[in-house]
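For chain A, the structure is supplied; the task is to place chain B on it using the hints.
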Amino acid sequence: MSILGLIFSNIHNREIFEVTKYRTIASAPIGGRYRLIDFPLSNMVNAGVTQVGVITKNNYQSLMDHVGSGKEWDLARKNGGLVILPPYVLNDEVYNTRLEAIKSISSFINHSKAEYVLMTDCYHICNIDYSDLLKKHLQKDADITCVYRKCQDKNESNLPANAFVLDENERVVEMNLVDEVKVGWNLSVDIWIMKRDLLQTLIMESINTNYHSFNRDILSKNLKNLKVFGYKFDGYFGNICNLKSYFDVNMDLLNNDVRNELFNIPNRSIYTKIRDSAPTIYGEDAKVSNSLIADGCVIEGSVSNSIIFRGTKIKKGCVIENSILMQDTVVYENIHLQNVITDKNVQIKTKKELCGSEEYPVYVKKNGVL
Amino acid sequence: MLLAGGQGSRLYALTSKIAKPAVRFGAKYRIIDFPLSNCINSNIDTVGVLTQYQPLILNEYIGNGQPWDLDRTFGGVHILPPYQGKKRTDWYKGTANAIYQNIDFMKRYNPEYVLILSGDHIYKMDYSKMLAFHKSNNAEATIAVLDVPLEEASRFGIMNTDADYRINDFEEKPAKPKSTKASMGIYIFNAELLYKYLEDDENDPNSKNDFGKNIIPKMLNDGRRMFAYPFKGYWKDVGTIDSLLEANMDLLKDENLDIFNKNWKIYSRNDPFPPQFICDGAKLGNSMVTVGCYIEGEVVNSLLASNVKVEKGAVIRDSVIFENTIIKKGSVINHSIIANDVVVEENACIGSKKEEDNKISVVGEGMVVKKNQVIASGEIVEKVEEE
Numbered sequence: 252m253s254i255l256g257l258i259f260s261n262i263h264n265r266e267i268f269e270v271t272k273y274r275t276i277a278s279a280p281i282g283g284r285y286r287l288i289d290f291p292l293s294n295m296v297n298a299g300v301t302q303v304g305v306i307t308k309n310n311y312q313s314l315m316d317h318v319g320s321g322k323e324w325d326l327a328r329k330n331g332g333l334v335i336l337p338p339y340v341l342n343d344e345v346y347n348t349r350l351e352a353i354k355s356i357s358s359f360i361n362h363s364k365a366e367y368v369l370m371t372d373c374y375h376i377c378n379i380d381y382s383d384l385l386k387k388h389l390q391k392d393a394d395i396t397c398v399y400r401k402c403q404d405k406n407e408s409n410l411p412a413n414a415f416v417l418d419e420n421e422r423v424v425e426m427n428l429v430d431e432v433k434v435g436w437n438l439s440v441d442i443w444i445m446k447r448d449l450l451q452t453l454i455m456e457s458i459n460t461n462y463h464s465f466n467r468d469i470l471s472k473n474l475k476n477l478k479v480f481g482y483k484f485d486g487y488f489g490n491i492c493n494l495k496s497y498f499d500v501n502m503d504l505l506n507n508d509v510r511n512e513l514f515n516i517p518n519r520s521i522y523t524k525i526r527d528s529a530p531t532i533y534g535e536d537a538k539v540s541n542s543l544i545a546d547g548c549v550i551e552g553s554v555s556n557s558i559i560f561r562g563t564k565i566k567k568g569c570v571i572e573n574s575i576l577m578q579d580t581v582v583y584e585n586i587h588l589q590n591v592i593t594d595k596n597v598q599i600k601t602k603k604e605l606c607g608s609e610e611y612p613v614y615v616k617k618n619g620v621l
Numbered sequence: 189m190l191l192a193g194g195q196g197s198r199l200y201a202l203t204s205k206i207a208k209p210a211v212r213f214g215a216k217y218r219i220i221d222f223p224l225s226n227c228i229n230s231n232i233d234t235v236g237v238l239t240q241y242q243p244l245i246l247n248e249y250i251g252n253g254q255p256w257d258l259d260r261t262f263g264g265v266h267i268l269p270p271y272q273g274k275k276r277t278d279w280y281k282g283t284a285n286a287i288y289q290n291i292d293f294m295k296r297y298n299p300e301y302v303l304i305l306s307g308d309h310i311y312k313m314d315y316s317k318m319l320a321f322h323k324s325n326n327a328e329a330t331i332a333v334l335d336v337p338l339e340e341a342s343r344f345g346i347m348n349t350d351a352d353y354r355i356n357d358f359e360e361k362p363a364k365p366k367s368t369k370a371s372m373g374i375y376i377f378n379a380e381l382l383y384k385y386l387e388d389d390e391n392d393p394n395s396k397n398d399f400g401k402n403i404i405p406k407m408l409n410d411g412r413r414m415f416a417y418p419f420k421g422y423w424k425d426v427g428t429i430d431s432l433l434e435a436n437m438d439l440l441k442d443e444n445l446d447i448f449n450k451n452w453k454i455y456s457r458n459d460p461f462p463p464q465f466i467c468d469g470a471k472l473g474n475s476m477v478t479v480g481c482y483i484e485g486e487v488v489n490s491l492l493a494s495n496v497k498v499e500k501g502a503v504i505r506d507s508v509i510f511e512n513t514i515i516k517k518g519s520v521i522n523h524s525i526i527a528n529d530v531v532v533e534e535n536a537c538i539g540s541k542k543e544e545d546n547k548i549s550v551v552g553e554g555m556v557v558k559k560n561q562v563i564a565s566g567e568i569v570e571k572v573e574e575e
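Respectively, the protein sequence lines represent chains A and B. If you want this note's numbering, it's the position in the first sequence, counting the first as 1, plus 251. If you want this note's numbering, it's the position in the second sequence, counting the first as 1, plus 188.
Mixed in with the good hints, there may be bad ones.
[Said to hold, decoys possible] Computed list of lysine-lysine pairs in BS3-like fashion (alpha-carbon distance at most 30 angstroms, straight line):
1) A:Lys538 <-> B:Lys541
2) A:Lys567 <-> B:Lys450
3) B:Lys317 <-> A:Lys566
4) B:Lys441 <-> A:Lys600
5) A:Lys272 <-> A:Lys405
6) B:Lys471 <-> A:Lys595
7) A:Lys472 <-> A:Lys433
8) B:Lys317 <-> B:Lys295
9) A:Lys564 <-> B:Lys500
10) A:Lys564 <-> B:Lys312
11) A:Lys595 <-> B:Lys453
12) B:Lys420 <-> A:Lys564
13) A:Lys600 <-> A:Lys564
14) B:Lys453 <-> A:Lys538
15) A:Lys567 <-> B:Lys542
16) A:Lys567 <-> A:Lys602
17) B:Lys441 <-> A:Lys595
18) B:Lys450 <-> A:Lys538
19) B:Lys424 <-> B:Lys205
20) A:Lys433 <-> A:Lys524
21) A:Lys538 <-> A:Lys524
22) B:Lys558 <-> B:Lys516
23) A:Lys524 <-> B:Lys450
24) B:Lys450 <-> A:Lys272
25) B:Lys541 <-> A:Lys567
26) A:Lys475 <-> A:Lys495
27) B:Lys424 <-> B:Lys317
28) B:Lys453 <-> A:Lys567
29) A:Lys538 <-> B:Lys441
30) B:Lys471 <-> A:Lys603
31) A:Lys567 <-> A:Lys595
32) B:Lys450 <-> A:Lys617
33) B:Lys205 <-> A:Lys617
34) B:Lys542 <-> A:Lys595
35) A:Lys616 <-> A:Lys603
36) A:Lys566 <-> A:Lys524
37) A:Lys322 <-> A:Lys446
[What the hints assert, rightly or not] Listing some non-contacts, in silico: residues in chain A with all C-beta distances to chain B over 10 angstroms:
38) Arg265
39) Arg284
40) Gly299
I should point out that these hints are in silico values taken from the structure, not numbers from a laboratory. C-beta: ideal position from N, C-alpha, C; glycine also.
Pulled out of the complex, with its shape left as it was, chain A reads as follows (with noise of 0.2 angstroms):
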């Protein structure tokens, strides 16, 4: 059963517009060497996805870097492989909403010969398994199958959010865009699956009605007429909605049976762009604990309860608590940084110290010196 995926790459950009300045939301930094999209792509190249169509809209040069050829994904293919689909500009205006981005590319989609169309944000990380997605879809028989989550944390949710009301076959009888969400609700990750001549018919109807949404246009106005069904995905999620989301599910990566669930899966590896890095090399003076390392560092100083980026650099004397190191930081002699952020290449060399709260991370800007 072949399956087209669908990344949008641009969607959610707002929730940490510190760090998707530079760059598409898809490409942000996480985890010592991965970039968002790596999750959403390993998994469908892990579900047998062979054909990936990445939806970009703005500041995507740092995407195209990311993914390259799709080599590194096993996408660099004849037949399909990885397309970066740059924005379709009509009338001078660019796309402003999902169901926009899908109409800007229905030749793209019209084109391919896949059955089923499987789309997906990139706020999120995860190991989801799509075959059993799939398989659960064909089961129930339904028309289209929403990805979902149990709400654990009302404050962790990006809003306004799409909460499902299901029924007891987990058919999807209601939904709601809430400005508020409560623990135990279910909602919507931007996950679906359908065939693809639906989505191609959606479209047109959608074209010729001069729909907009596709959560409130699509989705909540045919639960009626299609088998919408829901799909419950309960292993880890990490969310992000804010920049202290974005530093908690990072830190969220310090935890084993995150790292386990995430990364040790059985023939579910995540794959990520190749640097080439040397391996990290700790000084004699190195010291270091609950922390994440990864390859390309040196490391002098000391470490603790933090995320460190390839090719970052810490000097002797150093004192590092509760912070993420993005690539080729460096950090010079004697210094003390505590839940701080750093952005690519940022050098770290006469402020003695750096303080922020677990709420309020400090955030130091790409290429930043200090």
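Just chain B, lined up with the frame of chain A:
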């Protein structure tokens, strides 16, 4: 042309299933990554890799050459095993014979020069500079040489040259060396001349078909223009357990072997593992660790390849651990090389402190070291294959 068929018998348990060039080196690399990366960094985009002994892992590792940017429409990397011919079918009998059997391969690309390399040396070298030296001397053959201490010179093939680096004499492992210019096993030949000498060598029934023993002395005898290219930098033949461990340790201290240099990257095939995780209570000092590792114990002066797990209370000193190996609680490893997929059960003791005894212990691929088991220093253990 990269000679990668050697058995590497002096690496014992480490090469019982894989060819020497495919042996792990420096946490995330294999030995062959160094010459292959040198090639691509020197703008050499057509490489033949001659394989013979246990080629399975080596072949899989090299694949289409993509990690080294050697997947090319024209050229790229090619694995060259011995093959069945119309007239004769032979294993590679020696280094020269191996190249001889692939003359047709070389001729397909119509090169002006042929560079011969071996797959068991650790070094970073710009072959394009050596080629420039070869051309500017109007040489017919150029041999890279390294200045070695006089007392060690008798372990190498020694080139005696005049002041302009023209070679006038070559001695294999001389008892009384006249110079300290040791051959590094890296040769550049004018292609047509090489073909001729290889064919002559093949027709000589007394020849051992070896570059060092036959081809080079023959060329010198014939008065060919042969030059020694002086190389300065790190170079090590990792043909023995001692030199392999030593070269690994040099990564931790020798500035000449800087693998962090972004202008001369060493490329390798990467594993899809998450970053390494260092737990509370772990202790790391002067060590190199790579993706997928999980460290709860103590790691000092050591190199850990991908996906190695070091449990609480385990201590690793002055050692090299290959990929997917688990060191369980309370085990102590000193001055050892532990191969891939080994399980060291709790409270085992492998090797003895480097300061007390200089011998190196080796544990072969897939071994299970039992609880409380002691493996003495210098001991080499490997899995016994069932017939």
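* **Unsatisfied constraints (hint numbers, rising)** => Going through the list in order, the structure violates hints 3, 20, 26, 33, 34, 39 and respects the others.
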